[in-house]
Amino acid sequence: MENIEDTGREPILKLNSVSVSYVAGKNAVNEVSANIYPNTITGIMGPSGCGKSTLLRAINRMHDLYPNVKTTGEIFLKGKNVLQMNPMEVRRLAGMVFQQPNPFPTMSIYDNVLAGYSLNGIRLSKKEKDDIVEQSLISVALWDEVKEVMSKRGSFLSGGQQQRLCIARTLALMPEVLLMDEPTSALDPISTNKIEELLLDLKKKYTILIVTHNMSQAARISDNSMFMYLGDLIEYGNTRQMFTKPKNKKTEEYLTGVFG
Amino acid sequence: MKDKLFKLLLFVASASVLLLTAGIIYALIGGASQAFGEYGFWGFITNSEWDPRSATEEYGALSFIVGTLFTAFFALLICLLFSLPVALFNGEYFKGTKISSFVGSIVGLLAGIPSIVYGLWGFYMLRPLTIELGINAQGFGIFTASIVLAIMIIPYASSLSSEFLSMVPNNLKEGAYSLGATRIEVIQHISLPVAGSGIVASYILALGRALGETMAVTMLIGNTNNIPKGLADTGNTMASIIANQFGESDGIKLSSLIAIGLLLFIITAIINLIAKLIVKHMSRA
Amino acid sequence: MTERKQTSISYRNGKNKLIYILVCTLSFLSMLPLFFIIWEVISKGYKNFNLQLFTEVTPSSMDAMLSRANNGPIPGGILNGITGSILIVGVAILLTIPLGLLIGIYLSENSQKRFAKLVSYLTDLLQGIPSIVIGIIAYAWVVKPFGGYSALAGSVALTIMMLPMVVRSTEETLKMLPRSYKEAGLALGSSYINVVFKILIPSGFGGIFTGILLSISRVMGETAPLMLTALGATIVNWNVMHPTSAMPLLIWDFYNDPNLVDLIWSTSLLLLIIIFLLNWLAKIVARKWKI
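Protein chains in written order, with the numbering used here: chain A, 1 to 260; chain B, 1 to 285; chain C, 1 to 291.
Read the hints as simulated data drawn from the structure, not as lab findings. A few of these clues could be false.
Each computed DSSO-like pair below joins lysine-lysine, with the alpha-carbon atoms no more than 27 Å apart [stated by the list, open to error]: (1) B/280 - C/113; (2) C/198 - B/95; (3) B/7 - C/198; (4) A/127 - A/147; (5) C/113 - B/2; (6) A/152 - B/280; (7) C/44 - C/117; (8) B/7 - C/15; (9) C/175 - B/2; (10) C/175 - C/283; (11) A/205 - A/14; (12) B/95 - C/117; (13) C/144 - B/253; (14) C/175 - B/4; (15) B/98 - A/70; (16) A/127 - A/152; (17) A/70 - C/17; (18) A/14 - A/26; (19) C/15 - B/2; (20) A/204 - A/194; (21) A/70 - A/127; (22) A/26 - B/95; (23) A/70 - B/7; (24) A/203 - A/147; (25) A/26 - B/98; (26) C/117 - C/182; (27) B/276 - C/117; (28) C/117 - B/280; (29) C/198 - C/182; (30) C/198 - A/80; (31) A/194 - A/26; (32) A/250 - A/78; (33) C/182 - B/2; (34) C/283 - B/98; (35) B/7 - C/175; (36) B/95 - C/17; (37) A/247 - A/14; (38) C/198 - B/4.
Because the structure is a prediction, the values reported are computed rather than measured.
Start from the sequences and build out the full structure, keeping to the hints where you can.
Printed below as a string of structure tokens:
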């Protein structure tokens with residue numbers, strides 16, 4: 001199943017037989033195992049309902065919010081089992097960007113970037129705050145566009161800018177891993193393009209998992225790709241190799257558009 | 001043809017609402033004119049004398065305005081302590097669950113109990129308590145009346161605020177959780193601010209109800225015509241003085257009571273308008 | 001991540017748990033008054049809750065006093081209050097339903113017009129008027145011109161209170177019906193009146209009826225406006241132009257009379273039963289007719 005180049009580095013994220021179920025007896029994610037290496041972009045693709053978002057959300061313990069969801073298996077993030085850690089700690093190590101841009105409407109752009117700190121009760125000096133905001137906005141290429149209007153609410157920004165603001169907000173906490181749940185689905189092609197370029201730049205410092213329903217996006221930016229179908233991890237490997245010579249028949253059918 | 005007549009009928013029916021309102025305002029102003037003419041508008045509302053004895057007849061609304069505001073605001077404070085948790089319970093913590101609809105129904109039933117029954121309960125159950133706590137020798141007064149008033153407005157405040165809380169998009173809350181926040185932090189920093197103006201509007205509406213409440217207050221406030229200065233004082237509200245004295249009054253006394261009714265009408269209308277504007281401003285944002 | 005000065009996770013978790021417990025506790029406490037009140041009314045009211053409550057009129061103060069002196073039960077019942085409530089609320093319903101329906105229909109069809117917005121605003125205004133002020137109005141409009149207290153005056157007051165609720169629920173219900181109902185009806189060549197009364201209202205019956213039931217349950221317990229309008233009576237009265245009693249008015253009378261005061265609980269019990277029954281009925285209707 002795996003044909004990742006083993007560069008001799010330790011995987012930053014290890015999934016061991018991870019299963020998630022919403023309804024007793026029926027697994028939405030079924031015994032998925034995979035190793036994710038640092039500074040890579042891993043695309044997770046598959047048809048609707050295959051469990052890709054569910055898998056992603058298991059990593060940062062989002063399922064804790066919904067009491068009827070059960071997660072089993074092990075997820076090791078930098079050596080520690082995420083499922084046994086305090087969820088708040090997990091979420092500082094693995095940040096998430098959602099499909100629908102969600103800047104907090106009652107906060108200014110400045111405060112939105114720092115939201116991770118204020119929510120966690122971390123006190124910073126004014127200089128620290130200014131630095132973090134500037135760094136984060138620069139790294140998402142939004143700094144020049146908003147530096148004059150930082151005290152304004154974020155709602156007047158375009159969809160693409162809002163999403164970049166949300167990425168900046170996540171980056172401000174300096175997580176190790178970025179979990180992106182269809183981050184460009186709600187955006188126009190130009191914004192999508194900008195964000196894809198951003199991700200290629202960000203992978204120098206972060207490890208990125210990106211769920212996408214758009215296989216060409218996976219082809220464009222990911223180093224490795226996972227293909228999921230009905231909860232199972234069908235194939236996981238180097239993107240170029242998977243797209244040109246898929247090892248599994250189902251993967252080939254998906255890639256050639258036999259099913260959507 | 002019949003349709004045209006029918007549509008006209010609909011229009012006329014709706015216009016009757018205008019007539020009704022105009023009639024109400026006209027009747028109140030007409031009835032109050034004698035009192036305002038005699039004492040002047042300012043004079044009337046700043047006068048704390050209420051003396052029905054024919055030799056020294058003199059009427060002023062101040063004591064009752066103070067009594068009304070005092071009880072209503074104190075009731076609002078107490079109500080806040082209980083209705084906000086209920087709103088959080090139903091709109092956040094247990095949103096959509098069976099227990100939440102149970103709690104919501106029970107609290108909602110409080111709204112169905114008639115004011116006079118609240119008055120009876122307050123008289124027989126709370127009054128002895130007030131006496132025991134040493135707050136007032138006979139158990140009447142601002143304290144007792146406000147507590148019952150608070151219980152009466154809890155359902156209004158909590159059901160509306162819980163609706164606004166439940167309308168906070170999941171998307172925003174998940175964003176905060178994903179940054180590592182705890183539940184109360186998400187509530188504090190996201191849910192409450194976003195639902196904020198709606199919650200404020202709910203409490204303003206609850207205040208409006210408290211200002212106009214009659215029977216329960218009448219039975220518990222002690223029926224004295226002084227300006228109440230503390231929780232232990234008795235007094236009267238605008239609604240209770242009308243209820244108590246309307247029966248056999250005429251002449252300038254009747255007019256004074258109607259004038260108080262007019263003041264009550266204006267105050268509640270303004271309060272409700274403010275709440276409405278807040279909600280409208282919210283939905284536009 | 002560098003260690004910054006921050007509030008510890010255990011503090012935040014602790015605070016989170018504490019507030020959760022606080023919210024649950026205060027919510028639980030908020031439910032208690034209902035049980036206290038119901039318990040009080042039931043435990044003190046069941047003694048006098050018997051057949052004669054429904055069949056006899058209120059005793060005079062004298063009779064009650066004599067009976068108490070002999071340690072006998074309180075004579076009489078609240079028949080005059082029951083029939084009075086039926087009369088006053090009944091007339092109010094007759095006045096409210098046609099008017100409320102028509103206004104609700106108008107508002108649901110014309111929500112964009114400025115006139116409709118004005119009517120809508122005024123309807124809300126009416127809903128917020130304190131009940132005692134409405135009593136003053138009904139006094140000025142009916143009691144004074146006709147020279148005396150009457151059931152009609154009481155009905156007028158209650159109508160003003162019920163109208164906004166019926167208008168709102170009719171309007172909201174009709175607005176929620178799919179556009180296609182009205183269009184399909186008209187496309188079949190039906191007149192507008194027929195579409196309204198044969199298609200729209202029946203389709204929205206659940207919501208409309210619920211609104212009516214709730215408005216009735218609200219005014220059943222109103223005392224203040226009736227004090228200024230219907231005044232009360234010790235006999236059964238069906239004449240709409242005469243002073244009439246009502247259950248809440250009787251409670252007030254009993255409360256003020258040391259000889260009759262024991263009757264307040266059984267009367268309250270009956271009143272609560274009726275109100276809760278109406279509410280429960282409204283819930284059932286709403287559920288059954290869900291669009």
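Consistency of the hints with the structure:
Between residue 280 of chain B and residue 113 of chain C the CA atoms are separated by roughly 17 Å; this keeps the pair inside 27 Å, and the hint holds. For the hint linking residue 198 of chain C to residue 95 of chain B, the alpha-carbon distance of about 39 Å lies beyond 27 Å, and the restraint is violated. Straight-line distance between C-alpha atoms of residue 7 of chain B and residue 198 of chain C comes to about 16 Å, which keeps the hinted pair within the 27 Å bound. For the hint linking residue 127 of chain A to residue 147 of chain A, the alpha-carbon distance of about 16 Å falls within 27 Å, and the restraint holds.
For the given pair, residue 113 of chain C sits about 23 Å from residue 2 of chain B by alpha-carbon distance, which is consistent with the 27 Å threshold. Between residue 152 of chain A and residue 280 of chain B the alpha-carbon distance is near 22 Å, which keeps this suggested pair within the 27 Å criterion. Proximity of residue 44 of chain C to residue 117 of chain C is assessed by CA-CA distance (about 49 Å); at most 27 Å being required, the pair is judged violated. For the hint linking residue 7 of chain B to residue 15 of chain C, the alpha-carbon distance of about 61 Å lies beyond 27 Å, and the restraint is violated.
Proximity of residue 175 of chain C to residue 2 of chain B is assessed by CA-CA distance (about 23 Å); at most 27 Å being required, the pair is judged to hold. With a C-alpha separation of about 20 Å, the suggested pair residue 175 of chain C and residue 283 of chain C falls inside the 27 Å cut-off, and the hint holds. Our distance criterion of 27 Å between C-alpha atoms is met by residue 205 of chain A and residue 14 of chain A, whose separation comes to about 19 Å. Distance hint between residue 95 of chain B and residue 117 of chain C is unfulfilled; the C-alpha atoms sit about 33 Å from each other, more than 27 Å.
Restraint check for residue 144 of chain C and residue 253 of chain B: satisfied, since their Cα atoms lie roughly 16 Å apart, inside the 27 Å limit. As the CA atoms of residue 175 of chain C and residue 4 of chain B are separated by approximately 21 Å, the hinted pair is consistent with the 27 Å bound. Distance restraint check for residue 98 of chain B and residue 70 of chain A: the Cα-Cα separation of roughly 21 Å lies within the 27 Å cut-off, and the hinted pair is therefore satisfied. Between residue 127 of chain A and residue 152 of chain A the alpha-carbon distance is near 20 Å, which keeps this suggested pair within the 27 Å criterion.
Distance hint between residue 70 of chain A and residue 17 of chain C is fulfilled; the C-alpha atoms sit about 22 Å from each other, no more than 27 Å. For the proposed pair residue 14 of chain A and residue 26 of chain A, the alpha carbon gap of about 23 Å is at most 27 Å, so the pair holds. Between residue 15 of chain C and residue 2 of chain B the CA atoms are separated by roughly 68 Å; this puts the pair beyond 27 Å, and the hint is violated. Note on residue 204 of chain A and residue 194 of chain A: the hinted pairing holds, with a Cα-Cα distance of about 17 Å set against a maximum of 27 Å.
For a cut-off of 27 Å, the pair hint linking residue 70 of chain A to residue 127 of chain A is broken: about 43 Å separates their Cα positions. A threshold of 27 Å between alpha carbons decides the hint, and for residue 26 of chain A with residue 95 of chain B the separation of about 25 Å falls inside it, so the pair holds. A C-alpha spacing of about 59 Å is found between residue 70 of chain A and residue 7 of chain B, which places the hinted pair above 27 Å, so the restraint is violated. Proposed proximity of residue 203 of chain A and residue 147 of chain A is supported: the alpha carbons are some 25 Å apart, at most 27 Å.
Between the alpha carbons of residue 26 of chain A and residue 98 of chain B the distance comes to roughly 24 Å, so the proposed pair stays at or under 27 Å and holds. Of the supplied pair hints, the one linking residue 117 of chain C and residue 182 of chain C holds, its CA atoms being roughly 22 Å apart against a limit of 27 Å. Our distance criterion of 27 Å between C-alpha atoms is met by residue 276 of chain B and residue 117 of chain C, whose separation comes to about 13 Å. Annotation: proposed proximity of residue 117 of chain C to residue 280 of chain B holds, straight-line Cα distance about 13 Å (limit 27 Å).
The straight-line distance between the Cα atoms of residue 198 of chain C and residue 182 of chain C is roughly 10 Å, inside the 27 Å bound, and the hint therefore holds. Distance check on the hinted pair: residue 198 of chain C and residue 80 of chain A sit about 68 Å apart at the alpha-carbon level, beyond 27 Å; violated. About 39 Å separates the Cα atoms of residue 194 of chain A and residue 26 of chain A, which puts this hinted pair outside 27 Å; it is violated. For the given pair, residue 250 of chain A sits about 32 Å from residue 78 of chain A by alpha-carbon distance, which is inconsistent with the 27 Å threshold.
Taking the CA atoms of residue 182 of chain C and residue 2 of chain B, the gap is about 17 Å. The hint holds against a cut of 27 Å. About 16 Å separates the Cα atoms of residue 283 of chain C and residue 98 of chain B, which keeps this hinted pair within 27 Å; it holds. Among the hinted pairs, residue 7 of chain B with residue 175 of chain C is consistent with the structure: their alpha-carbon atoms are about 17 Å apart, no more than 27 Å. The suggested pairing of residue 95 of chain B with residue 17 of chain C holds, with an alpha-carbon distance near 18 Å, which does not exceed 27 Å.
Proximity of residue 247 of chain A to residue 14 of chain A is assessed by CA-CA distance (about 22 Å); at most 27 Å being required, the pair is judged to hold. A distance of roughly 18 Å separates the Cα atoms of residue 198 of chain C and residue 4 of chain B; the hinted pair therefore holds under the 27 Å criterion.
Violated hints, in rising order: 2, 7, 8, 12, 19, 21, 23, 30, 31 and 32; the structure is consistent with all others.
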